[in-house]
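Number of protein chains: 2
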Amino acid sequence: MSKLVECVPNFSEGRRFEVVAAIEAAGEKCGVKMLDRTMDADHNRSVITFAGEPEAVLEAAYAMILEARERINMEGHHGAHPRLGAADVVPFIPVSGVEMAECVELARRLGERVGRELAIPVYLYEEAATRPERRNLADVRRGEYEGLKEEITRPERRPDFGPVRMHPTAGAVVIGARKPLIAFNVNLGTDDMTVAKAIARALRAKDGGLTFVKALGVELKERGQVQVSMNLVDYRRTPVYRALELVRLEAARYGVPVVGTEIVGLVPLDALLGSLEYYLQSESFRREQVLEVKLHA
Amino acid sequence: MSKLVECVPNFSEGRRFEVVAAIEAAGEKCGVKMLDRTMDADHNRSVITFAGEPEAVLEAAYAMILEARERINMEGHHGAHPRLGAADVVPFIPVSGVEMAECVELARRLGERVGRELAIPVYLYEEAATRPERRNLADVRRGEYEGLKEEITRPERRPDFGPVRMHPTAGAVVIGARKPLIAFNVNLGTDDMTVAKAIARALRAKDGGLTFVKALGVELKERGQVQVSMNLVDYRRTPVYRALELVRLEAARYGVPVVGTEIVGLVPLDALLGSLEYYLQSESFRREQVLEVKLHA
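These protein sequences, in sequence, are chains C and A. Residue numbering for the first sequence is 1 to 297, as defined by this note's numbering. Residue numbering for the second sequence is 1001 to 1297, as defined by this note's numbering.
Since the hints were made in silico from the structure, they are not lab data. Every value quoted in this text rests on a predicted model; they were computed, and no experiment measured them. Virtual Cβ for every residue (Gly too), placed ideally from N, Cα, C. Check each hint, because a few of them may be wrong.
Unchecked claim - Coverage of chain A stretches by chain C, computed from C-beta distances (three or more under 8 Å per stretch; other residues unrestricted):
id, stretch
1, 1246-1260
2, 1287-1297
Claimed, not checked - Reference excerpt, derived from the structure (chain A facing chain C, CB under 10 Å, subset only):
id, residue
3, 1049
4, 1187
5, 1263
6, 1272
7, 1278
8, 1280
Only chain C is shown next, with the shape it has when bound in the complex:
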């Protein structure tokens, strides 16, 4: 568990299992560990999660983009989710022992190589973006595959690497680096959506809440409850405990209790330990005190 980078590439194939399996296998050969895979037929899109040492993750991402280029033809692709290419988005995420700068460097190195060797135009986004207007993925993906074919020669849409024309079957790819994202939901002991919405507003950055929180009110019809559904996009600076305790504080003004919470999907150990240290008022805890961490060190 020395240097650990996570990579969560999205591919424009959510129906043919053998294609997604081949892409996954191409990455697995590079010595990374596959952690999760979701395929969505409506979106016609797959999300693969894997992790490993930085260099192995770089090689795996390259091999998977190459495999996707060989097997996915964007000319025949339809799905509900916006996309630019066969391999659509490839973010590197620092998990432990790695700084964001190292993931940005991985993104740039991968982008340069994909542009040069695979003849696919590459856009860098989020922390790896080369200009402010390319930080946001939705902005980079504007017009999707079909639209970008026309616009790629415009100065503001020139790729960061690779040819200034779409690859005839694989389109373009967006590569970048971002922080780990934690999907954290807090269930409330009421069915009143106005309460969930009010608390979501109080929590989220854009309405005056916590800087690295995105939040929505959600109805849980079967439970007769409502939920504050959050994305914590920088758990080091806006940790889980702070989001939860602020929800609790806001809910109290309505006399509404927190009845439970859930973390969706994978979460880095450091995010959990950080919040536990708050609650335990730890003075000197080190992650190496976790027996399993020491064991895999």
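Starting from the known structure of chain C, fit chain A onto it as the hints suggest.
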């Protein structure tokens, strides 16, 4: 991280580093991971912590007892800590994916083999004890090496395995199985020892507190504070959060705040996750959601 057993053998050598290193090396060859080592010259005793798959841990423990038998002569051994033999105490501890019954079985298999092949008398203790009066280590070790030489032929002191006479240089060994122990200290915002002692009494099992808590009041002179120093001997049934929150509750009656806590040494991941789940009011958290756990699965 499938099946994981920890083993914390104690050896009657705390001065000659090369002896302890040789014992450690003998174990390491069996495919376990060494996690910690403490040597104490006054006690003339070493404690080695290692972990691995059950069979590897069994083989390593055997190899280390054999090595200790070859290198340590109890006839010349002096130290402040009570002891019966060269390899003195060998507990197996279930960490993850393993039940206590499996560790008891490991203890019995190791004991049988050590008695038969190494000609060392073996006593089983704690969860592996064959009679109630041998559960407590202090009772098994009564009289120490010198005393047991005389008493070993008495019916109540007959070993569970091996010869009914002390090994001429290695003495006897106590082998068993126990739960992981968490050393957890809570620091209080006062220098009043009567408060620390009162809270320790309220917390510990023998005075009406929590069943699996041992607690003492301790003075932290340099800090001008006092501490409730606890051993949590079954964190599943008496978890960390319950001990901490009960200290907080008792301290409140004296108007004394908890100013910080510390966990000493290694702690199993499940113990931390269990307490975090309490504070987060988790409804459905699974340890496989920890990215690093999934990675090493």
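Hint numbers contradicted by this structure: No numbers; nothing is violated.
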